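Q: From the two separate chains plus the hints, produce the assembled complex.
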Amino acid sequence: MADQILVGTRKGTFLVQKTGGAWRPRLVGHAGVCCNYAAGDPHTGTLWAALGFGHWGAKLSRSDDNGETWHDASQVKYPTDARYLGHPMPDETGELAATVLRDATLLKLWALAFGPGGQIYVGTIPGGLFMSKDNGDSFQLNRPLWNHESRGGDLANGRGVLDTHWFGTPASEGEFAPGLHSILVHPQDPQRLYVAISTAGVLESPDGGQTWLNRNKGLINDYLPNPEAEWGHDAHCIALCPGDPDHVWQQSHNGVFYSADGTATWKRVSQPQQGVHFGFPIAVHESQGGTAWVVPGKADTERMTIGGGLFVARTQDGGRTWEDLRAGLPQQNAYDVVLRHALGYDRGRLAFGSTTGNLFVSEDSGATWSTAANHLPPIYSVRFA
Amino acid sequence: MAKVELARHLCVLFPQLAGEELQVEASTVAEVVSGLEARAPGFAFYVCDERGRLRTHVNIFVGEVRVSDRRRLTDPVMSDSRVLIMQALSGG
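Taken in order, these protein sequences are the chains called A and B.
Note that the working numbering has the first sequence beginning at 3, numbered continuously upward.
Note that the working numbering has the second sequence beginning at 142, numbered continuously upward.
Hints in this document: simulated from the structure, not taken from any laboratory.
You can trust all of the hints, since none of them are fake.
FRET-style restraints, in silico, Cβ to Cβ: (1) B/Arg223 - A/Pro90: 35 to 41 Å; (2) A/Asn376 - B/Ser209: 44 to 50 Å; (3) B/Arg207 - A/Asp136: 36 to 42 Å; (4) A/Asn376 - B/Gln164: 46 to 52 Å; (5) B/Ser168 - A/Pro229: 57 to 63 Å; (6) B/Glu178 - A/Asp67: 24 to 30 Å; (7) B/Arg207 - A/Ser76: 27 to 33 Å; (8) A/Ser140 - B/Thr197: 24 to 30 Å; (9) A/Ala301 - B/Arg223: 54 to 60 Å; (10) B/Gly204 - A/Ala301: 52 to 58 Å.
Remember, predicted model here, so these are calculated numbers, not experimental data.
For each residue, glycine too, the CB sits at the ideal point set by N, CA and C.
With the rest of the complex left out, here is chain B (with noise of 0.2 Å):
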């Protein structure tokens, strides 16, 4: 099971989120997201626009290591794997 760590906006926004840690079954990082999106609906339209494409000022860290699929998500996730999602800097 990944684990999984919110940026503190998220939480705020999907107080389901918040509070113990996350963990969700997945091999990739798109699968990540739906994982969360089936414990709190409308959170996968915050992270990615209608086509599953991270959005422009979202960055997700598997690892240390940021995404490189930014299109389809992916990346390989293991069972292991500390999975970051946070909004970016150029969003500011």
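Chain A on its own, in the form it takes in the complex (with noise of 0.2 Å):
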């Protein structure tokens, strides 16, 4: 079992130990610089965090130490002849542009993922997946991916097509550039990848990521004039139940996802009177694939907390009802917003942290929280390590 959390935020990378009977924090590297996501892989015991300097760029970053000391890792970087579609924003006189072909470049490193036997997968803004085979040694840009139909093709070579169906995400900082957020190992079957794009959808290989397949069937974008459209879904999160895999669950911009045949169709299940709808991270328990967690939002027009009062809510019985977990979670004047990679989960044990500073662990499923922290930097990943 995972006996520390790593937390990644706006200006450093923190360690989470419980001593003396509490969750204590410590920074343990990259004081000042953005960690959008750390994680450790749990195959070599290896940290990793993604990086990102406002002036020198993502940079991914290791510690073979358990955060004591930590180097640049190999970098994750663009191949040269790599390009996309992007969508650029309406000009000064209102003009709104057509697609333009850009020379891609790393945006944001966003997302960590480990298989056995070496491999490392990394999720980018503009949207590419990159693997390893050695542990970090080398990374490579999954083509069959960025090169998927969905998206113009192989825009590097010419035979493809100048229209995308990927659109962007805020969270690309200064260009709308589509994100590669979320990527999932199945645990039974390594070669069998999922990954979560915003805003294109999911996307699943059969194979090691050779092919790739569209995965949103049932998925609803009340923002698309057909709701059920192909693509241009916008999933914030999605996350797999290990013991049960075919039980994944997603948290969308249009609400909570579940789907019980290893995505191949999906159901909304969320519970807007409940206040469960709107949100971005989303757990699901080691062996119940029926039992998930998430961090209501009260809407996409409002990203706050529903009425002041921060709650976790939790069904056990595939997304058909939900119990609100409240207590020792502040209930008036809490404003914290829990971003995509915000919530951890670990046998049992959750812990989440908000823009706000805020951290907070269960050791009971979500019975019954404590405050680890207040006044940490923005909090952009929790996880168990």
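A: See below:
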């Protein structure tokens, strides 16, 4: 069982450990630097941090001594022939330019995942998946996903089509580019991968990334003319049940979705009257595929807690019913926003952190919570490690 | 040999470039960057992107003139030039 929590924040990387009966955070690296995602490789014990320097760009950092020291890893770099279709904003005259072909450069390192045998996966903005087969000594752009027909095909070699169904994410900081934020490795078949992109949706690869299939059937986007369009879905976060991996959950811009057939189909299981609809992160029980947790926000138009009270919602029946979990969480004047990577789960323990720098931990599946920290920098990721 | 001055943060990130006065044999700004990369592997990717373009929030000055070719860094550098590499206020 993981006995520490790795927290990525706007101003550095924190390690949270339980000492004297309390969870206590400690700044262990990257002071003053944005850490978008930090996680430990369960196969090797190496800790990884996806950094974003305001001036020097996105950089991958690693620690081989449990966070005591960090150093630059081999860096993720887009090949010079990599291009994608961007959606520029209207210019000063109000003119909306047509889709523009852009040279790809790494805008953001956004997510990490780990597989057996030295496999490491990195999700990025503008929407590329990078893979390592040698424990991070080198990373390569996954071309089949980069060249997927849904985003124009192989634009490097001129055979593509200047038409993309992938749209951007506001998390892209300065450019409205797609972001690959969730990577799931099937626990029983590591060649089977799922990714989720804002804003395209979910794709599955059955063969280690050589082919990618649309997995958006059943998703609903209330902001498209056709809400059940094949592409253009804003999945915020996806997570699977390790012990029963056909059960996959999704917190989307348009609600909470659940799949019991390995993403072949989705069903919206939001309960708006209970506040369960909008949010960013989602976590799944290790063996009960119908049990999941979300941290609700009031609405996409009002991204705040509901009534100033912070709560986690849990379902134990595949989304048919939900219960509020509030014990130990602030219920007045609490305006915490919890971002998509900022809810972690590990065998009955949960931890989540907010953009207001508060970190909460539960050791009883969310029934009760304790405050591990206040006043941390805005929290971007929380992972048991 | 051009004299190179780095923002303090770059010296913190690349301590092998801190301390003594840096001098690099170069006739263009691009060669200054590659010269520093040779001494401190990884440096170039902090200052430039994958395509060698100067990062948006980084400035390079030759004397008191900001480089004009941010795409290929072909601005000339003389033997007695003073080259400054620093972060821009816009990226703060």
